[in-house]
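Protein chains: 2
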Amino acid sequence: MNRAEGVRPRKRRSDGERSREAILRQAAELATVAGLDGLSIGRLADAVGMSKSGLFAHFGSKEELQLATVDWAVDLFDTEVTGPALAAATGRERLDELVENFLRHVVGGYPGGCFFASIVTEMDTRPGRLRDRAVEIMRGWLELLETTVAQAQAEGTIAASEDPKQLAFELEAAMFLANVLFVATRDQAVLDRARVAIDARLAAAAGPPPSDGTS
Amino acid sequence: MNRAEGVRPRKRRSDGERSREAILRQAAELATVAGLDGLSIGRLADAVGMSKSGLFAHFGSKEELQLATVDWAVDLFDTEVTGPALAAATGRERLDELVENFLRHVVGGYPGGCFFASIVTEMDTRPGRLRDRAVEIMRGWLELLETTVAQAQAEGTIAASEDPKQLAFELEAAMFLANVLFVATRDQAVLDRARVAIDARLAAAAGPPPSDGTS
Numbered sequence: 003m004n005r006a007e008g009v010r011p012r013k014r015r016s017d018g019e020r021s022r023e024a025i026l027r028q029a030a031e032l033a034t035v036a037g038l039d040g041l042s043i044g045r046l047a048d049a050v051g052m053s054k055s056g057l058f059a060h061f062g063s064k065e066e067l068q069l070a071t072v073d074w075a076v077d078l079f080d081t082e083v084t085g086p087a088l089a090a091a092t093g094r095e096r097l098d099e100l101v102e103n104f105l106r107h108v109v110g111g112y113p114g115g116c117f118f119a120s121i122v123t124e125m126d127t128r129p130g131r132l133r134d135r136a137v138e139i140m141r142g143w144l145e146l147l148e149t150t151v152a153q154a155q156a157e158g159t160i161a162a163s164e165d166p167k168q169l170a171f172e173l174e175a176a177m178f179l180a181n182v183l184f185v186a187t188r189d190q191a192v193l194d195r196a197r198v199a200i201d202a203r204l205a206a207a208a209g210p211p212p213s214d215g216t217s
Numbered sequence: 003m004n005r006a007e008g009v010r011p012r013k014r015r016s017d018g019e020r021s022r023e024a025i026l027r028q029a030a031e032l033a034t035v036a037g038l039d040g041l042s043i044g045r046l047a048d049a050v051g052m053s054k055s056g057l058f059a060h061f062g063s064k065e066e067l068q069l070a071t072v073d074w075a076v077d078l079f080d081t082e083v084t085g086p087a088l089a090a091a092t093g094r095e096r097l098d099e100l101v102e103n104f105l106r107h108v109v110g111g112y113p114g115g116c117f118f119a120s121i122v123t124e125m126d127t128r129p130g131r132l133r134d135r136a137v138e139i140m141r142g143w144l145e146l147l148e149t150t151v152a153q154a155q156a157e158g159t160i161a162a163s164e165d166p167k168q169l170a171f172e173l174e175a176a177m178f179l180a181n182v183l184f185v186a187t188r189d190q191a192v193l194d195r196a197r198v199a200i201d202a203r204l205a206a207a208a209g210p211p212p213s214d215g216t217s
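So the protein lines, in turn, are chains A and B.
The first sequence begins at 3 in my numbering and counts up by one.
The second sequence begins at 3 in my numbering and counts up by one.
Be a bit skeptical, because a hint or two may be false.
Copies of the same chain are indistinguishable here, so a pair counts whether it falls within one copy or spans any two.
Lysine to aspartate or glutamate pairs mimicking DMTMM-like chemistry, simulated, CA-CA at most 20 Å apart [as the list claims (entries may be wrong)]: (1) 167 to 189; (2) 167 to 98; (3) 64 to 39; (4) 64 to 31; (5) 54 to 194; (6) 167 to 201; (7) 64 to 23.
Keep in mind that the hints were calculated from the coordinates and are not lab data.
Using the sequences and the hints given, assemble the complete structure.
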């Protein structure tokens, strides 16, 4: 809650809103450890020290709680990863920042690493609204990488011969595996392996550097 | 069960062994859909049409059942992926076959894709024997890729300047993401993206082709 209080919202939040924010933060952290399916109202009530009936008043059902948690995690991801990256001046800078912000988020975001990697692998075989939402978010992230590659191509920093879908897949592959291995082993070396892979891939995609003298 | 009967073992299996084999196959399939944690003795009893007490006679506890299922999945992976690949004549051929056999296994192996990708992402934050085993298997697979890269380097088909750990990470990254996206979307294009990525990476790792005339 201290972290939430550090942010000064435009208008004063009601107790209800503040409490909802704190509950969803706890819910998102729990989901990366116990799974979205392990996010029962009873278990979350224990974790936040509220009554089950109090939580029901907020969310109504387990599925509503799960969907609200996913939305909260999307907002956090926008705040920590995509938002700051998209503020960069060029496509190539945005791409570098998407990667770097993601890898930092893997370490500092949740106890179980990337929330979306966690839910997409959990929900992939369970048809329903949660699965659809998880797949939609994963698709959206890949499309953001593709669009950013295309912008860098339009600016001439990535070769026109590259297929944006293919390049986005390769960047995401290194980030995704780094997340999985970091959560499983807590070995920072895997994050560096992703950086090395992505730097080399983007250097190859850029083609030969422009001749700019010795400066 | 028909598939199990198609294999003729060296000695006739007892009813007990045959039934154990059939139970574990069903258990492994179920685990890739419901998770290893969803693999309760009650749920599996329903799936195989046995009594809970009958299953208890085989496994004794949920954890024993889960560990036996992991061992069974290791055996299947050896049969379908690593075994045939390691029979190839050269390091480079072994590497190509590890990749191709893995991608074929993703499509044809289990309803939930790669068993080990499934359990490592489920168990990564849950300390215990299952987590340790999942991490150990994942490490073993990466080490197999590294060793095979090193063999190809010794044979001169991969440049000595490549770091086997780094290259193994990059090959696995493409395979891992292809598995996740295929299970989530059933889109075969993601498997081809992994193939394109890996072929290009291995071509770059090989350095310039040897000059061998026009044949």
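Report task. Just pull the numbers of the violated hints for me, sorted ascending. Result -> Violated hint (a single one): 5; every other hint is consistent with the structure.
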